[in-house]
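In case you want the letters, here they are:
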Amino acid sequence: MSRRTKLDFEPLSLEDTARELGIPRQRAKRILTMIGTDVVPGPHKLRAGKRRTARAKSARIR
Amino acid sequence: MPRTEQQRVFLNIPYDEHFEPLYLAYIAAFSAMGFLPRATLGIGGNRRLDRIASLIESCPYSIHDLSRVQLDANAPRTPRFNMPFELGLAVAWARANPRHKWFVFESVKRRLAKSMSDLDGTDPYIHDGTVRGVMREVCNAFVRPNQPTVPQMMKMNRDLRRNVPKILQNAGTRSLFTARVFSELCLAAAGLRSKHVGTG
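As they're listed, the protein sequences go chains Z and W.
Numbering-wise (the numbering used here), the first sequence opens with residue 575 and increments by one.
Numbering-wise (the numbering used here), the second sequence opens with residue 321 and increments by one.
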């Protein structure tokens with residue numbers, strides 16, 4: 575008989591992991607940035623690249 | 321069971337300087353497997369026992385490392401009874417709630433038969449007191465889709481160790497065995513899993 579226990583759960587997202595561990599969002603972001611993980615928890619996690627400048631934004635509006 | 325509780329694993333391990341490499345290895349290995357490690361670090365006060373029991377009961381899995389059977393260095397020299405005691409709590413909880421699974425880890429073959437003969441018939445996972453041994457035995461104990469490899473776990477462990485000085489500095493402590501450092505190590509290890517193993 576196998577001694578191995580089958581795991582069928584999905585790992586928590588990094589955001590849920592931080593919440594479960596009681597780590598505030600900014601501190602979690604700092605830790606994940608420190609280890610070089612691109613995914614950061616929070617509402618802005620899907621935003622990639624540089625913020626658009628005011629000039630770029632106004633250019634798009636036109 | 322709530323979705324965020326399925327991943328919890330209670331780590332019952334020694335909190336001492338000599339155990340630090342294996343402490344980090346446990347955090348890296350269980351995070352690589354998708355677990356969320358929990359520990360008694362930070363639990364104090366006169367209700368400590370109740371809170372430890374509650375913590376065990378909130379975790380579907382518990383890991384009990386019984387490799388620290390020596391007398392400690394500080395006078396009066398004593399063995400550490402917390403680990404076997406917490407194993408007893410987990411075994412009692414599992415008898416009433418069979419969903420709870422407990423696992424015993426040791427560093428020396430056949431020593432458990434002498435140190436705790438009540439567990440005869442239970443095969444401990446022998447990690448030989450090495451980081452690689454912890455990774456190997458965690459992989460021997462559990463299987464999951466998108467199973468991490470031991471080299472991936474070792475890489476996570478190396479990256480985690482590399483970041484320890486910064487985590488300690490930010491926490492204003494030199495000890496790895498504080499509640500804040502433990503939780504930050506667990507989050508860092510989860511981040512390293514998504515980096516080296518993937519999220520599935």
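Treat each hint with caution, since some may be false.
Covered stretches of chain Z, as calculated for chain W (at least 3 residues, CB under 8 Å) [stated by the list, open to error]: (1) 583-591; (2) 601-609.
Only pairs whose alpha carbons sit at most 20 Å apart, straight line, appear in this in silico SDA-like list of lysine to any residue [said to hold, decoys possible]: (3) K580(Z) with R456(W); (4) K486(W) with G610(Z); (5) K580(Z) with G518(W); (6) K475(W) with T450(W).
To list a few chain W residues with every Cβ distance to chain Z over 10 Å, as calculated [unchecked claim]: (7) H338; (8) I363; (9) R367; (10) K429; (11) M474.
These aren't lab readings, by the way, just hints derived from the structure by calculation.
Just so you know, even glycine gets a beta-carbon here, dropped at the ideal spot from N, CA and C.
So, going through the hints one by one against the coordinates:
1. As drawn, the stretch 583-591 of chain Z meets chain W at 8 residues by the rule of a beta-carbon pair under 8 Å; at three or more, the given contact holds.
2. Evaluation of the coverage hint for the stretch 601-609 of chain Z: fulfilled, as 7 residues show C-beta separations to chain W shorter than 8 Å, against a requirement of three.
3. Using a Cα cut-off of 20 Å, the hinted pair K580(Z) and R456(W) holds, with the two alpha carbons roughly 16 Å apart.
4. At roughly 13 Å between alpha-carbon atoms, K486(W) and G610(Z) fall within 20 Å of each other, so this suggested pair holds.
5. Restraint check: the Cα-Cα separation between K580(Z) and G518(W) comes to about 18 Å, which is no more than 20 Å; the hinted pair holds.
6. Proximity of K475(W) to T450(W) is assessed by CA-CA distance (about 15 Å); at most 20 Å being required, the pair is judged to hold.
7. In this structure H338(W) is separated from chain Z by more than 10 Å, as the shortest Cβ-Cβ distance comes to about 26 Å.
8. No Cβ of chain Z approaches the Cβ of I363(W) within 10 Å, the least distance being about 13 Å, so the stated non-interface status holds.
9. Every beta carbon of chain Z lies more than 10 Å from that of R367(W), the smallest distance being close to 19 Å; the non-interface claim holds.
10. For K429(W), the non-interface assignment is confirmed: its Cβ lies about 15 Å from the closest Cβ of chain Z, beyond the 10 Å cut-off.
11. Annotated as non-interface, M474(W) keeps its C-beta farther than 10 Å from every C-beta of chain Z; the closest such distance is 16 Å.
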